[in-house]
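**Student:** Sequence:
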Amino acid sequence: MMQHTRRITAAAFVALACLAAFSPADLAAQETTMAGDWTGILTAPDGTEIELIFKVAEGEDGALSTTLDVPVQGAAGIVCTETSAEGAELHISGCEIPGGGGFDGELNEEGVMSGNFNQAGMPFPLDLKPVADE
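In the numbering used here, the protein residues as written are 68 to 201.
Treat the hints with caution; some may be incorrect.
[Said to hold, decoys possible] Pairwise CB distance ranges (calculated):
| id | residue 1 | residue 2 | range |
| --- | --- | --- | --- |
| 1 | Asp113 | Ala155 | 25 to 35 angstroms |
| 2 | Gly154 | Asp128 | 11 to 21 angstroms |
| 3 | Gly114 | Ser151 | 24 to 34 angstroms |
| 4 | Gly154 | Gly114 | 31 to 41 angstroms |
| 5 | Ile117 | Gly188 | 13 to 23 angstroms |
| 6 | Gly141 | Glu176 | 29 to 39 angstroms |
| 7 | Pro112 | Pro138 | 28 to 38 angstroms |
| 8 | Ala142 | Thr110 | 30 to 40 angstroms |
| 9 | Met189 | Asp128 | 29 to 39 angstroms |
| 10 | Thr148 | Gly103 | 32 to 42 angstroms |
[Said to hold, decoys possible] Distance condition first, Cα-Cα at most 20 angstroms in a straight line; then the derived EDC-like pairs of lysine to aspartate or glutamate:
| id | residue 1 | residue 2 |
| --- | --- | --- |
| 11 | Lys122 | Glu156 |
| 12 | Lys122 | Glu149 |
| 13 | Lys122 | Asp194 |
| 14 | Lys196 | Glu176 |
| 15 | Lys196 | Glu156 |
| 16 | Lys196 | Glu118 |
| 17 | Lys196 | Asp104 |
| 18 | Lys122 | Glu153 |
| 19 | Lys196 | Asp171 |
| 20 | Lys196 | Asp128 |
| 21 | Lys122 | Asp136 |
| 22 | Lys122 | Asp104 |
| 23 | Lys196 | Asp113 |
| 24 | Lys122 | Glu173 |
In short, the hints are calculated from the structure, not lab data. Please read all numbers here as calculations on a predicted model, not as lab measurements. C-beta atoms are modelled at their ideal positions from N, C-alpha and C, and glycine is treated no differently.
Take the sequences, apply the hints, and build the full model.
**Tutor:** So, in structure tokens, the structure goes:
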């Protein structure tokens, strides 16, 4: 019985040590950065598939900025005037495309940014994944 109690006490100590290693303050400090290139395939209402690449950069002051590439249309470096992130959510707007455009999404546990591409006031489902380093 004494040996069983020691095992339980040891297991409880290990569990507490693990919890202490991941305190809420530590977890909050590990904020996910949204900086990087994000790509996804947008399906237009006519069924056409269009690759979009959002290039999110973080300045020295921590402010985010974004440009948009649409390779099939030969467009690169389209300026998006507003980019913000809060927690796992990313908001991009003011992309200089006909009707204006942007993206609102949330990063899930698989590393995919699920959300909507918005153009001319219409939302289109779009999942973005980090561009693989080549």
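**Student:** A separate judgement is required for each hint: does it hold in the structure or not?
**Tutor:** We went through each hint and held it up to the structure:
1. The beta-carbon spacing between aspartate 113 and alanine 155, approximately 32 angstroms, falls within the hinted interval of 25 to 35 angstroms.
2. A beta carbon spacing of about 20 angstroms between glycine 154 and aspartate 128 agrees with the range 11 to 21 angstroms that was offered as a hint.
3. The supplied range of 24 to 34 angstroms is met by glycine 114 and serine 151, whose beta-carbon atoms lie about 32 angstroms from each other.
4. Taking 31 to 41 angstroms as the suggested C-beta distance range, the pair glycine 154 and glycine 114 conforms, at roughly 34 angstroms.
5. In this structure the supplied range 13 to 23 angstroms holds for isoleucine 117 paired with glycine 188, their Cβ-Cβ distance being about 18 angstroms.
6. Taking the beta carbon of each, glycine 141 and glutamate 176 are about 35 angstroms apart, inside 29 to 39 angstroms as hinted.
7. Look at proline 112 against proline 138: about 20 angstroms separates their beta carbons, and that is not inside 28 to 38 angstroms.
8. At roughly 18 angstroms, the beta-carbon separation of alanine 142 and threonine 110 lies outside the given 30 to 40 angstroms, and the hint is violated.
9. Against the hinted window of 29 to 39 angstroms, the Cβ-Cβ separation of methionine 189 and aspartate 128 comes to about 33 angstroms, which satisfies the hint.
10. A hinted range of 32 to 42 angstroms is violated for the C-beta pair threonine 148 and glycine 103, which are about 20 angstroms apart.
11. Between lysine 122 and glutamate 156 the alpha-carbon distance is near 16 angstroms, which keeps this suggested pair within the 20 angstroms criterion.
12. Distance restraint check for lysine 122 and glutamate 149: the Cα-Cα separation of roughly 13 angstroms lies within the 20 angstroms cut-off, and the hinted pair is therefore satisfied.
13. Under the criterion of a C-alpha separation no larger than 20 angstroms, the hint pairing lysine 122 with aspartate 194 is consistent with the structure, at around 15 angstroms.
14. As the CA atoms of lysine 196 and glutamate 176 are separated by approximately 12 angstroms, the hinted pair is consistent with the 20 angstroms bound.
15. For the hint pairing lysine 196 with glutamate 156, the CA-to-CA distance comes to about 14 angstroms; that is within 20 angstroms, so the pair holds.
16. About 12 angstroms separates the Cα atoms of lysine 196 and glutamate 118, which keeps this hinted pair within 20 angstroms; it holds.
17. Distance restraint check for lysine 196 and aspartate 104: the Cα-Cα separation of roughly 8 angstroms lies within the 20 angstroms cut-off, and the hinted pair is therefore satisfied.
18. For the proposed pair lysine 122 and glutamate 153, the alpha carbon gap of about 17 angstroms is at most 20 angstroms, so the pair holds.
19. A hinted pair counts as satisfied when its Cα atoms are at most 20 angstroms apart, and lysine 196 with aspartate 171 qualifies at roughly 14 angstroms.
20. In summary, the hint linking lysine 196 to aspartate 128 is not supported, as the alpha carbons are separated by about 25 angstroms, beyond the 20 angstroms threshold.
21. For the hint linking lysine 122 to aspartate 136, the alpha-carbon distance of about 8 angstroms falls within 20 angstroms, and the restraint holds.
22. Proposed proximity of lysine 122 and aspartate 104 is supported: the alpha carbons are some 4 angstroms apart, at most 20 angstroms.
23. Simply put, lysine 196 and aspartate 113 have alpha-carbon atoms about 23 angstroms apart, too far for the 20 angstroms limit, and the pair is violated.
24. At roughly 16 angstroms between alpha-carbon atoms, lysine 122 and glutamate 173 fall within 20 angstroms of each other, so this suggested pair holds.
The structure fails to meet hints 7, 8, 10, 20 and 23 from the earlier list, while all remaining hints are met.
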